[in-house]
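A.B. asks: Between the sequences and the hints, there should be enough to build the whole structure, so can you do that?
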Amino acid sequence: MGKLNYDQCIQHFSHKHPLVLSNVQETTLKWYECSGCKVKPSEWFYTCKLCDYFLHIPCSQVPQRIQHPAHPNHDLTLSLVPLYQTLCNACGEQVKGTGFFYQCCDCRLMLHVLCASVPTSVKHQTHSHPLKLTFNPPYQTVGFSCDICRKLGSNHWLYRCNSCGFDAHLHCAAPKPRISEVSHQVMSSQPQTPVEQQSSSQGSSHPQFQPSGSAGQPVDGPSTSFMQTFQPAQFTSAAIQGSDEGAAQQFVQSRARANCGSGAC
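Residue 231 in UniProt numbering is what sits at position 231 of the sequence shown, and the numbering runs on without skipping anything.
Because the hints were derived from the structure by calculation, they are not lab data.
From the three backbone atoms N, C-alpha and C, an ideal C-beta is built for every residue, glycine too.
Warning: the hint list may mix true and false statements.
As the list claims (entries may be wrong) - Derived PhoX-like pairs: lysine-lysine, alpha-carbon spacing no greater than 20 Å straight-line: (1) K49 / K16; (2) K49 / K38; (3) K40 / K96; (4) K132 / K38.
Stated by the list, open to error - Across the chosen pairs, the derived CB separations fall in these ranges: (5) D106 / N5: 33 to 43 Å; (6) K96 / P138: 22 to 32 Å; (7) N23 / G92: 13 to 23 Å; (8) R150 / L50: 46 to 56 Å.
C.D. replies: Right under this line is the structure:
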């Protein structure tokens with residue numbers, strides 16, 4: 001077996017205990033899921049031996065804070081408990097219970113990690129022009145008709161060709177990215193203002209997010225290239241595991257507001 005290029009033990013913001021590198025063969029539980037994406041881990045992952053807490057390796061590498069072109073005035077913070085609403089501003093679906101998501105603690109904006117990572121521009125075989133990601137649909141409070149699947153779309157993000165009036169659902173025009181692609185994209189990017197990076201192979205351009213903090217840090221050894229924003233001791237098991245949802249939400253709200261009050265977002 002080849003060398004594993006993963007830290008053996010990390011401290012992740014979402015859990016108060018160190019997380020140890022493990023694999024499926026070492027796990028005796030019949031039921032377990034990744035707290036970051038709610039999908040059952042496979043092969044190698046991080047786990048807490050005390051709490052049966054699991055994270056895919058890519059989920060542990062999703063940055064804790066990003067800047068996004070849809071919300072340029074504030075950073076978005078990786079979270080597990082919603083501060084305000086529970087619907088994603090990009091797709092309109094629930095974020096509560098889906099694992100990690102991004103939210104702005106000032107403006108009530110919430111995004112699934114994968115929705116925050118869709119390309120800003122795509123090419124689709126059904127249309128000759130590039131389709132641009134549109135954060136504010138031109139139809140005010142009404143929806144639209146997707147010109148790819150011919151089904152109705154809600155008043156949320158869409159891909160659009162303004163010159164032709166061609167509209168498309170997010171995931172009709174562009175395949176939903178995987179968490180591994182998200183973590184690789186952001187972890188490999190240079191700290192800079194979001195710009196469009198052209199991808200000629202896939203006919204799309206992705207927003208280059210500016211990571212403001214990494215989620216997981218090695219317990220023994222040098223820290224990663226991104227600054228840690230929260231300390232793991234600030235999170236309780238109730239906040240992470242949902243055993244006391246009301247108390248958890250109140251706790252995370254106070255921590256997020258304190259963090260914003262310090263000028264961090």
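A.B. asks: Determine for every hint whether it applies to the structure shown.
C.D. replies: Against the structure, the hints:
no., hint, verdict
1, K49 / K16, "holds (12 Å)"
2, K49 / K38, "holds (18 Å)"
3, K40 / K96, "holds (18 Å)"
4, K132 / K38, "violated (30 Å)"
5, D106 / N5: 33 to 43 Å, "holds (38 Å)"
6, K96 / P138: 22 to 32 Å, "holds (29 Å)"
7, N23 / G92: 13 to 23 Å, "violated (37 Å)"
8, R150 / L50: 46 to 56 Å, "holds (51 Å)"
Hints 4, 7 from the earlier list are contradicted by this structure; the remaining hints agree with it.
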